[in-house]
Every structure is written in C-alpha cells, then in structure tokens.
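Q: Here is what each chain is made of, one letter per residue.
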Amino acid sequence: MNISEIRVLIGDDSILARKQMKDILEEVGVKNIEEAANGQEVVEKFRSFKPDIVFLDIVMPVKDGTVAISDICAEFPDAEIIVISSVGTQSYLKQAILNGAKDFVQKPISSSKIEEILLSRFERS
Amino acid sequence: MYTQLFGNYLLSKNIITPDQLVDAIRKRNDVFVQPNTIAMHFKLISATDAEYVTKIATDKDSDFISTAINLGYFTREAYDEVKDNTLPEYLFLGQSLINDGILSSSKLEEYIVEYQSNNEMIDLELYSDQKDNLDQLLLNLFIIANEELPLYIGKYINLLFTNLIQFIGEDFTPLNFLPCEEYPVSLCSYQRINGVHPLTMYLDLDEKVALEFASRYVGESFTEIDEYVKASLEDFLNLHNGIYNVNLSNESSIEMKLDPPVFIEDTSITPGEKEQLYMLPIVYPFGTINFLFEIEKQETTSLF
Numbered sequence: 156m157n158i159s160e161i162r163v164l165i166g167d168d169s170i171l172a173r174k175q176m177k178d179i180l181e182e183v184g185v186k187n188i189e190e191a192a193n194g195q196e197v198v199e200k201f202r203s204f205k206p207d208i209v210f211l212d213i214v215m216p217v218k219d220g221t222v223a224i225s226d227i228c229a230e231f232p233d234a235e236i237i238v239i240s241s242v243g244t245q246s247y248l249k250q251a252i253l254n255g256a257k258d259f260v261q262k263p264i265s266s267s268k269i270e271e272i273l274l275s276r277f278e279r280s
Numbered sequence: 177m178y179t180q181l182f183g184n185y186l187l188s189k190n191i192i193t194p195d196q197l198v199d200a201i202r203k204r205n206d207v208f209v210q211p212n213t214i215a216m217h218f219k220l221i222s223a224t225d226a227e228y229v230t231k232i233a234t235d236k237d238s239d240f241i242s243t244a245i246n247l248g249y250f251t252r253e254a255y256d257e258v259k260d261n262t263l264p265e266y267l268f269l270g271q272s273l274i275n276d277g278i279l280s281s282s283k284l285e286e287y288i289v290e291y292q293s294n295n296e297m298i299d300l301e302l303y304s305d306q307k308d309n310l311d312q313l314l315l316n317l318f319i320i321a322n323e324e325l326p327l328y329i330g331k332y333i334n335l336l337f338t339n340l341i342q343f344i345g346e347d348f349t350p351l352n353f354l355p356c357e358e359y360p361v362s363l364c365s366y367q368r369i370n371g372v373h374p375l376t377m378y379l380d381l382d383e384k385v386a387l388e389f390a391s392r393y394v395g396e397s398f399t400e401i402d403e404y405v406k407a408s409l410e411d412f413l414n415l416h417n418g419i420y421n422v423n424l425s426n427e428s429s430i431e432m433k434l435d436p437p438v439f440i441e442d443t444s445i446t447p448g449e450k451e452q453l454y455m456l457p458i459v460y461p462f463g464t465i466n467f468l469f470e471i472e473k474q475e476t477t478s479l480f
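Protein chains in written order, with this note's numbering: chain D, 156 to 280; chain H, 177 to 480.
For reference, chain D alone in the conformation it holds in the complex (with noise of 0.2 Å):
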C-alpha cells in the first residue's frame, strides 16, 4: 500500500507531541490522520477509523497505552501498533510487547525514524 493512502492514528496525551508526529507524518506523505488524546479514545478511534498503523505513547490518562494497546489487539490481532514513549523501560517495553505492540521508539522523535519505520512497511508515496 502506498504511504498516501495509508490510515494513521496518533494516541498520545499531549497535543504538542500530536501535533509534531502530524506534521512529520505529513511530510513523509501521510493524508488520513486521526488523534486521540487518551488510551480509551485510541481503542474507540480504532474501531471506527480502522488505521493501518497507530502511533502510541504509553503513559496517558483515562487508559495507558499498555491497556489500550491489550483492548485493541484482543479485538483486532493483527494491530500495527508501534509504541512512542519516553519511558521505554524493562518493564514498560515489556509489557507493550507482551500485549501486542510490533515496535517501540524512544522519544524524542525524529523524522527519519518514522519515516523507517513507514517505508520497512509501506510504499514511498
């Protein structure tokens, strides 16, 4: 599939770090993007958005990211959920693998590691 026609979804609390995966995945060539700003929005965005690929911070209100991540693949198994948080710990690392995440990046974020990790899956648009 092409990079822009690709459906993302952003889970992250924090409307600065949306915003700046936003404007990185628009960059790249990324068209459909929906945020969510909780754990539990992300699995109801999920349901009804359908993303090829989700973006995930892990510590965020309402339901972490490990929880929603654990909801969205008992529904769905093969969720492409890669995992963007500052706290990639044993545990936390753990944990997201555990329930289904398929990777995990270090914040902060650049450009070119979402780009790699866009283009190891999708083609250049």
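If you are wondering where the hints come from, they were derived from the structure by calculation, not from laboratory data.
Cβ atoms here follow ideal geometry from the backbone N, Cα and C, with glycine treated the same way.
Misleading hints may appear alongside valid ones.
Claimed, not checked - Result set (DSBU-like, lysine-lysine): computed pairs, CA atoms no more than 30 Å apart in a straight line:
1. D:218 with D:200
2. H:406 with D:268
3. D:257 with H:433
As the list claims (entries may be wrong) - Restraint ranges, calculated between C-beta atoms of paired labels, are given here:
4. D:184 with H:444: 47 to 55 Å
5. H:429 with D:265: 55 to 63 Å
6. H:276 with D:276: 53 to 61 Å
7. D:259 with H:444: 34 to 42 Å
8. H:384 with D:233: 45 to 53 Å
9. H:472 with D:187: 45 to 53 Å
10. H:371 with D:258: 22 to 30 Å
11. D:258 with H:429: 18 to 26 Å
12. D:271 with H:427: 44 to 52 Å
13. D:181 with H:257: 43 to 51 Å
14. H:362 with D:205: 40 to 48 Å
15. H:426 with D:276: 25 to 33 Å
16. D:271 with H:188: 41 to 49 Å
Given the coordinates of chain D, work out where chain H should sit on it, guided by the hints.
A: Just chain H, lined up with the frame of chain D:
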C-alpha cells in the same frame, strides 16, 4: 556541564551573591567578551600581565591587543588564530561579573583555576571522560550541602541539567536548593514518579519565561500563552522523567512508574505531612525556571 556549574561554585564559596549571579546571567546576551579575557582564556597572557597591559593601554589611549603585541606578550598571528574560537559559557558569565565590577580579571582566572583544580578537571568544556568527577561535584554542590536531600536526587539533577542543555540551551546556571513550606505557582506542570524513590516534580514559570522556554523547546516562536505552550511544559517534564526512569531501569534495575503530567496555574503547592518541598531555580538570560521537588522525608537510599 561543568561550565553551567561554575556560577553555582562561585555562590557556594560566597564569592558572589545569588542576586549578583542572576543579574550577571540576565545580561549574558549583551556581553561582549573583551580581548584581554580572550587572550587570558587561551593562555596568551597571564591575568597579572593582562592587568598591567590594560593599565598601559589606558594611559596611552591605545587598545589592549596592540599594546600587548608591542610589549611582546604575543603576536598578532597568535591572537588572530584564537579570537574567533567558540568561547565557553562560563567566560560570558565571568565577563558579565567583571563588567559589573564584582570580579577582577585576575580573580576570575584564579577562581576558574581553583574550580578546575578542586574538581580535577582537565578542561571545563571536556566532561565526557570525567563522569565520576561530575557526580562528585553535583554531590558537593547540591546534595551534601542539603543534608535532608536523598542522594538519588544527584542522579536526577545530573540528567536534568543534561536535558536542559540538549533541549532548552546551555546558557543557564542552577542556583541552590531552597526548602519551601508553600509555593505559589504561575504556569506549572507536575508529574508523579512512583516506586522505591517516589518523587513529584513541578516545573513552574511565569508567562514571559514560559513563552521563551516553549519557543526554545519546540523550535517555534510563541507570542501568547496557548495550549501548545502549556503542553510544552508537560512534554519537557514527561520526556525528562521518562529518560530518568529508563536510566534507573537500565543502570540499577529499578523500575519506576510515571503518572501522566498535569498542568496547573495560579494555585499553590503545599507538601503533605510526610513530604518536603524543595525549589531549585535555574537561571537563564530570559528568566528563571523553578523546579520543585516533593520528596518523602525518610528517603536516604544512595544510588551513587
């Protein structure tokens, strides 16, 4: 990081007062490091000789460099070779203190040598191979001077200063920890770190400082307090605390958990019965950032 701690070193030795330090840092952007200070820094001339040359130059209504060259202290080529080199931050602070008449050139040189010697530093700008010395310096300046502070705070502020250098800028000087009974906040984000070394961290700024802080952190120019400026305070704290937790996990196998950061404004912080509150002001030329540490009273475990 040694360069950021030089101002605090002068404070700890009662060579300057906090007000003098803050004033000198605020003038930082207007400071022009004088040719005599540059020549001394690059060891073309000693402080004593530089003061002598300055006197002769003033008497003859000439400039410092021409006078020093005429007197044979160094050549024009030698000065030209170093004059455009990047100067360390502590030299701007030192020049600011000289301009304010608080230090003489020779005293500045003396204190820099003493600071380097006390901390076994080869060069104030080279610190990558001097981690143990840096840990010890942070302990001496911030922790041992405050007996009630747990030693793990040394690790925390070491990383905090590193992240400030990386994400906000290297032109800061930390003052000393101050215990607080109550603290009124302006624009503030806070975050709780849970685990064996529980800690609640607050980052508080006034509006003017918050705008510059956010502009530097995000790399965009903010002119009014909006949701992005507020989010930048939360984001910095969350990023820093996250990296702190990763380091604890990797280096000491200690797993801590973070609560989501929270933004508050125009209220006050009062520590609980079992906690103590300490303020650590960080002075930038654009203003002062206050970090507040809410720490459990009984904490004494060392991570060093």
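Q: Give a verdict on every hint.
A: We went through each hint and held it up to the structure:
1. About 14 Å separates the Cα atoms of residue 218 (chain D) and residue 200 (chain D), which keeps this hinted pair within 30 Å; it holds.
2. Distance restraint check for residue 406 (chain H) and residue 268 (chain D): the Cα-Cα separation of roughly 26 Å lies within the 30 Å cut-off, and the hinted pair is therefore satisfied.
3. For the hint pairing residue 257 (chain D) with residue 433 (chain H), the CA-to-CA distance comes to about 22 Å; that is within 30 Å, so the pair holds.
4. The hinted window of 47 to 55 Å between residue 184 (chain D) and residue 444 (chain H) holds, with their beta carbons roughly 48 Å apart.
5. The beta-carbon spacing between residue 429 (chain H) and residue 265 (chain D), approximately 28 Å, falls outside the hinted interval of 55 to 63 Å.
6. Roughly 59 Å separates the CB atoms of residue 276 (chain H) and residue 276 (chain D), a value that falls within the hinted 53 to 61 Å.
7. Between residue 259 (chain D) and residue 444 (chain H), the C-beta spacing of about 39 Å keeps the proposed range 34 to 42 Å intact.
8. Checked against the hint of 45 to 53 Å, the C-beta distance between residue 384 (chain H) and residue 233 (chain D) comes to roughly 50 Å, which is consistent with it.
9. At roughly 47 Å, the beta carbons of residue 472 (chain H) and residue 187 (chain D) sit within the given window of 45 to 53 Å.
10. A beta carbon spacing of about 26 Å between residue 371 (chain H) and residue 258 (chain D) agrees with the range 22 to 30 Å that was offered as a hint.
11. Hint check: residue 258 (chain D) to residue 429 (chain H), Cβ distance near 24 Å, so the stated range 18 to 26 Å holds.
12. About 28 Å separates the C-beta atoms of residue 271 (chain D) and residue 427 (chain H), a value inconsistent with the hinted range of 44 to 52 Å.
13. The hinted range of 43 to 51 Å is satisfied by residue 181 (chain D) and residue 257 (chain H), whose Cβ atoms lie roughly 47 Å apart.
14. Checked against the hint of 40 to 48 Å, the C-beta distance between residue 362 (chain H) and residue 205 (chain D) comes to roughly 43 Å, which is consistent with it.
15. Here the CB-CB span from residue 426 (chain H) to residue 276 (chain D) is close to 28 Å, well matched to the stated 25 to 33 Å.
16. Hint check: residue 271 (chain D) to residue 188 (chain H), Cβ distance near 46 Å, so the stated range 41 to 49 Å holds.
Hints 5 and 12 from the earlier list are contradicted by this structure; the remaining hints agree with it.
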